[in-house]
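Undergrad: Protein sequences, first through last, are from chains A and B.
First residue of the first sequence: 228, per the numbering used here; consecutive thereafter.
First residue of the second sequence: 175, per the numbering used here; consecutive thereafter.
Read the hints as simulated data drawn from the structure, not as lab findings.
Watch out, some of these pointers could steer you wrong.
[Claimed, not checked] So these bits of chain B aren't anywhere near chain A, every CB distance computed over 10 Å:
(1) TYR207
(2) ASP220
(3) ARG293
(4) GLN299
(5) GLN300
(6) LYS305
(7) GLN320
(8) LYS380
(9) GLU398
[Unchecked claim] Straight-line distance between alpha carbons at most 30 Å, and here's what the computed BS3-like set of lysine-lysine pairs gives:
(10) A:LYS630 / A:LYS498
(11) A:LYS530 / B:LYS375
(12) B:LYS176 / B:LYS213
(13) A:LYS530 / B:LYS376
(14) A:LYS530 / B:LYS371
(15) B:LYS380 / A:LYS530
(16) B:LYS176 / A:LYS458
(17) B:LYS184 / B:LYS395
(18) B:LYS184 / A:LYS438
(19) A:LYS588 / A:LYS630
(20) A:LYS458 / B:LYS327
(21) A:LYS569 / A:LYS588
(22) B:LYS327 / B:LYS339
(23) B:LYS339 / B:LYS380
(24) A:LYS458 / B:LYS395
(25) B:LYS376 / B:LYS305
(26) A:LYS569 / B:LYS371
(27) A:LYS530 / A:LYS571
(28) B:LYS339 / A:LYS458
(29) A:LYS569 / B:LYS375
(30) B:LYS176 / B:LYS339
(31) A:LYS520 / B:LYS375
These numbers come from a predicted model, not from an experiment.
Glycine is no exception: its CB is placed at the ideal position from the N, C-alpha and C atoms.
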Amino acid sequence: MKLLVQILRYQLVTSMLVLFLGAGLFYVSVRYLIDREVNKELFQSQVKVRWQLRHLETLPVYILQLGDSLQMEEVRYPGKMLVRETFMLNLAENEYQPYRQLVFYERALGQWYRVTISKLLLQRQRLMEAVVMTVTFIVALLLVSLLLLNSWLSRRLWKPFYKTLGKLDQYQIQQHETLRFEREQTLEFDQLNQAVTQLTSRIATAYQNLKEFTENASHEIQTPLAVILSKIEGLFQDETLTESQLVTLSSVSEAANRLGRLNQALLLLTKIENRQFLAGTEPVNLVPIINGKLRDLEDLIVKREISIQTELQPVGLVIHPALAEILVNNLLTNAIRHNVEKGKIIIILRERFLSVRNTGKTLNANPEQLFERFRKESTLSASLGLGLALVKTICEVNGQTLKYDIDNEWHSLTVSW
Amino acid sequence: MKLLLIEDEKALATSIQNYFQRENFICEWAADYETAIEKINIYQYDCVLVDIMLPDGDGLNAVKELKRKFPQTGIIIISAKNSLDDRIEGLNLGSDDYLTKPFHLSELNARVQAVIRRRSFQGNQQIRFGKIVIEPQEHFVSVEGQEIILTRKEYDLLIYLIANKNRVLTKESIAEHLWGDDADLMDNFDFIYTHIKNLRKKLMDKDCPDYLRSIYGVGYKFSEQ
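One chain only, chain A, in its complex shape (with noise of 0.2 Å):
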């Protein structure tokens, strides 16, 4: 959800809450203002009333202009005064209204009366509906005012953030680059800017400095392993030397060599892993690629009698060129280590996946142990057991997804996109 409308969310939720709560007590406060002076009028009634019973001999009776309804019962004992509220039936619109009562007790010419005095109280329902509607409108008028607040805000105010998170989001370590911005009016956005800043400055220097050691590392094993090998063939032209320092020599360059190929191995999985070979925008057509590494291969799969059945498209993936190389090449060539004499390789490339299936022995390990560097299954020695650490490496930088499948001797590998 947009931070605005959350935003928008909790102002409406407590803008409600205190509007409800606000006309609440406007409406307890008004109504205990209308009660007093209806109370204040009812007692001076009374007074009036009262004087009018004692002077009951010495007056002339006339009707008290009381306005409101008065009723007078003979009762034998005085009881205690009160005042009190009812509804009573109004004969002329046919309908209960609220009234306020005093009622009192008051001796004339011997005799105890009860006095009710009534007074009609419609202004407090005006009152109400009065409340209602205006709270009403200034949620109405609170609601527009606060969406229109709100989108004003997300373009103005808070367009550096937007800006900010924009360009987080376009952000790419293997571009070396430190984010940079304007100077901004709001305090916490230039802090989040500056934050950023030193951030992604932070991130392009460790970044450098991993490419750097990663390079130099590579440059510092690879050169003493440059002089061991070329001292050992400068060794085998000496001919005085017998036939057994000939084979100790000889299994000396192997290991030299060996140790030089894993070195680049690792290093090439390394690189891959710290994102240095940024795929393109065109798909890479893999087709050409296929049919060059089949040619390449061509002499160890007849010496093999491994028969080749291809069913291409002219498709591909998004990839850097080097890297569709690598996994179309050591795809194949598993396909083809792990094969046995007279077996057979399928390779179907379709719009959105390439699937390499070989015949082979069944396997030994759990299939999802094979992309753990170092794994071998079989016990070649040449095999560096470096092979589908690649290429899962390869589909998980680029975002593909690599899946093992084993049907009786089928072996299939597919990288789907």
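Let chain A serve as the given structure and place chain B on it in line with the hints.
TA: Structure of chain B alone, referenced to chain A:
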């Protein structure tokens, strides 16, 4: 033939120098950028081998300088870096080849000879060894005028053997030359043996003497005796 080696690692440089001296090449050595530039300005070389990671300057600059002054000199970059960027930049600047450390001296030798061959006589030079004559442009191989049809791998193998004649070649170096990064697929070296056997047979069928000698446990040697 005159070579210049620009390489800061003394031990490696000595090995390379020794190797090429046996080939009757004059191989001069410059350990840093400054010496290299100095030498480039004084002498003319047939081929220059440059390590692009030098302590006092970028080897790529040396390549630029060379290219500007002596465009006909062959250039081979040797580097521990195999980053794609460097490789592409190096080739764009006009270097003829790029070799990643560690490499086999026999491989370097074969590449140097290929570069020199391409550079001189516009690549029309014949390769001769004993009775064998090769026209590199046409990939044409003959023994005393009789054409021999070779497969691509057999042809590559023959060129490689001749380039490194009179030397012991290890099986690994042959495998890497023929299959490059796929060399580790050659589970044992029987496979090279198959190619060697076929090549030898095709040559001997045309009455070519057997130049190839197998060195037990190590590899092969191609020589006239």
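Undergrad: Which hint numbers does the structure go against, in order from smallest to largest?
TA: none
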